[in-house]
Amino acid sequence: MKALDIIVCVKVVPKPEEVTVHAETRTLDRAQARSELNPPDMNAIELALALRERHGGTVSLLSMGPPFAAPYLEVGLAMGADRAYLLSDRLFGGADTLPTSFALAKGIEKIGEWDLVLCGEESSDGATGQVPAGIAEWLGCSQITYAMDLALLPDGRLRGEREIRGGHEVIAVPLPAVVSVKLGVNEPRFMDMERRRSPEPVTVWSAGNLGVDPAWLGFEGSPTVVGAVWQAKSPERQRRFLEGMPQEKARLLAEQIRAAVSPQ
Amino acid sequence: MSEPAGVRVLDDFAWDEVWGAAKGAAAPCFQCGVCTAVCPWGLVQKEPVNVRRLIRLAQLDADGWGEAIWLCTTCALCEVRCPRGVPVSEIILALRRLAWERRSVPKGLPTMLWAVHWDGNPWDQPPSQRQAWAKGLDLQPFTPEHEVLFYVGCTAAYDRRSQKIARSLVALLRAAGVSFGILADEPCCGESVRTAGQEGYLAEVVAANVRRFEEAGVRKLVAVSPHCLDMFRSHYPPWDGFRPLHYTEYLAELLDAGRLRFTREVRGTVAYHDPCYLGRRHGIYDPPRRLLAAIPGLMLAELPAAREDALCCGGGGGRMWLETHAGERFGDLRIREALGTGAEWLATSCPFCILCLEDSAKVLGAERLKVVDVTELAVRALGEASLPHPALSPTGGEEKGEGAPVRGAP
Amino acid sequence: MIPSAYSPEAARGLWVFLEQEGGQLEGVALELLGKGRELAQARGVPLTGLLLGQGVEGAARQAIAHGADHVLVAEDPLLAPYTTDAYANVATQIVLDRKPETLLLGATPNGRDLAGRLAVRLRTGLTADCTGLAWEGDTGLLLGEVSGFGGGVMASIKCARHRPQMATVRPGIFPLPSPDPERAGRIELVPVSLEAGEIRTEILERVRHEGVDITRAKVLVAGGRGVKGDFGPLTEFARLLGGEVGASRIACDLGWIGRDRQIGQTGFVTRPKLVVVCGISGATQFTVGIKAAGLIVAINSDPEAPIFEEADLCVVDDLFPILEALIAELKRGMP
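Residue numbers (our numbering), protein chains in the order written: chain G, 184 to 447; chain B, 3 to 412; chain S, 1269 to 1603.
Certain hints may be false.
[Stated by the list, open to error] Selected chain B positions facing chain S (in silico; Cβ < 8 Å): (1) G110; (2) P240; (3) W241.
[Said to hold, decoys possible] Heads up, incomplete: computed chain S residues facing chain G, CB under 10 Å, no partners named: (4) A1310; (5) R1311; (6) D1344; (7) L1346; (8) A1348; (9) Y1350; (10) T1392; (11) H1477; (12) K1496.
The set of hints was computed from the structure by calculation and includes no laboratory data.
Using N, Cα and C, we set each Cβ at its ideal position, and we do this for glycine too.
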């Protein structure tokens, strides 16, 4: 069986609980937020490294983001990835899922050698979960979304266990394929500190390096626009104490519970 | 000398690896077995952890150490008894380090390390919430003009129970008129990284923290947790004027200087549990006892195993991040000892000890015994006049209520 | 700009993708029909259901009873189980042929699997996992309300020049409409040209989950030392809410309930919509396992219990009388 060349698409995201909406400007305030590698992307990296251990091959990381993302890719390199690529250019900024998946697909084509692309199931910031399927479509290959486990079959196809409503299914697809990995399906290994001390350099590509029409990128290339942004709820819990006799408390509680569980 | 079967002959490389990892620490061991005999695991498991054998394996680099190296709470009871002065827990941590290299570590530890890396604390809590414990206290950001840096530590900053210790300590420092500040971006000291055996990552954490402390002009530092204290005192490179103290030491100094005075009576009997990292590690046995003895009306009882002989709570050595099966927790034994003294309080001075002992007290249904921190008893002994801030005023009722974070009106 | 497959001027009508399994419509498909009915009425357009599968006439009639005016049925044995290629190929043909203005799908694993693929193939915008839908007053564009950053930030998103305007909608957001079996509507069979060779996915196995998995539960009723060994009322309460029972470490330690239900640092981290925390004091060890919950209700007899710091709704009272009254309240509201 041949070795697997795997590309893991990762995103650097602000820690979700640290992002607030500025009360006056109605824009996102990320200034106080520490960033991290998107959690399910960590599961994707772990899965890729485990597959490389089983089958041999390489693991490359690919990300799109500002230059400050490079040190975060070094975290993935320290975990064991062989190479890292960062698509970084103002032209990529403000992209919705269509130009995002397009740019990542072009990055994957530019990397060249690959059998398998892994992504986290969704990013904790935008939370669309639609980029992996989009990449698969741009690349014209098969896909397994919401995968919990992967293995290579003797016939060279990829076997994936994926979530469906109320259960899971096991499917087989031919390579090359794009897979999105469920959050929490494995425990991402910690960094190897030898690797941490001498990281491979991160290759940075601009929009020009991809050789694509800039009108297909970023804000310009996005069919959707964000109309308004607002704060959903205070991160603080309400701490509302219900008063009255037990019967009365139960009645109030039942009301609130119904509202929380049933739609609307 | 004969060894049990299964110990394999070493190749030179493996020998170097283990020898290097333990930095030759195992060399003086002559295999007398005292360590195995005193290991507290022998009290809760049929098979004790065979420390002697682990050391032998470390000398020989056999792979047979398996799960046992992760049980060690680094309580150091074996170390104080060892006739050859072998630093057993250092050897255990060296073996853990090798386990990381071989990628055979217990589930949950990598996740804990990622939490330290991304969030700056092992409790997986948001960095922005680190100051939440101090709500309403108007604490000052530390400047070099302050007498001390109050180093809260991750557990006292985030754990709801332990936050009460931090708030009590603020009340005591204020009552004594100490000028102190906190670091708004207080970093994790790295204790959980060290005890997990991740020496390589620890070096990164320590280097960053030393830079941060030096930038801030930190000299005298008062830590809530003995585990943080141990890091600063034994595992950080010393710098000019850096003097890390445990709060019990510092409060005892304030008592001696007449700055801290206990004027209110607290009637009852208290037994004191020595935290391993305060007692055996740093010989701090007397300051907490002096604080308790200075409280009018309070009677001090000693547990059967006290001071150098004290039994570990079970929370050290990274065990906070691993599950210890019910019935195998040292805390249960400690609670039974405390019940035997007839004391109504079991006081200690370490957040990990509080968490473990309270857990055991709950499981055992020890209703009449309250597990408290030394600060929580001390704060009740402050006179009204010395309580400078309404948020810090004791409720006068059960010790639980003291210093509780401000809650929404019931 | 990436060119759209067709222009807004050429686009007509509101479509709902009718996800089905074994000829039964998924709950979210019915929810979308309810909301779609409302949206179609407001805009004065018919509501069309897009139904792919095999043996789905019953489901088509069900869709009409729940609000569809018109159901496009694509039947083929190759569409019997969901596969990305079969569904994406057939749906693309029909969409390009009929040019809907709006296409809504349920944000289920398969709904998202299809939507992400379809949106790129149609070169259009997709608003994912919406928690609200409305028409924008002046433009008549679809406004999808979405949340990001762990639910802390909300945004409304629209798709100005590309058609169809696509959105996936989170299940459980919109109410189930009541069916009207007398409702009239048109069922139209559309021809399918699909070859087995187009489908790259082979389904090897399908498994319905039997064992408990508290990490997937939408509702959790968690018990600790305060339940004093009796999880009976908690179990009944959870069942009424369609949820699962969870437990603190101590409750598991005491052998009252299995480890597979342990919540917290050394147990499972959960993300329910609602968690009712019963007789648990609220050590950080436990609360890290519920911090992502939507609504946290705490019932504890100790007013000082730290769990109240982490709860939305707090009840200081004896647990069992409250639970008993709650169960009675919930049963009252049921048919």
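Each hint tested on the structure:
1. G110: Holds - the Cβ of G110 (chain B) comes within 8 Å of chain S, reaching about 7 Å at its closest.
2. P240: Violated - the Cβ of P240 (chain B) stays beyond 8 Å from chain S, reaching only about 32 Å at its closest.
3. W241: violated, 33 Å
4. A1310: Violated, about 17 Å.
5. R1311: Violated. Min distance 18 Å.
6. D1344: violated, 19 Å
7. L1346: violated, 15 Å
8. A1348: violated, 13 Å
9. Y1350: At about 8 Å, which falls below the 10 Å cut-off, the nearest Cβ of chain G leaves the hint on Y1350 (chain S) intact, so it holds.
10. T1392: Holds: closest Cβ of chain G sits about 6 Å from T1392 (chain S), inside 10 Å.
11. H1477: H1477 (chain S) check passes; min Cβ-Cβ to chain G is 5 Å, inside 10 Å.
12. K1496: violated, 17 Å
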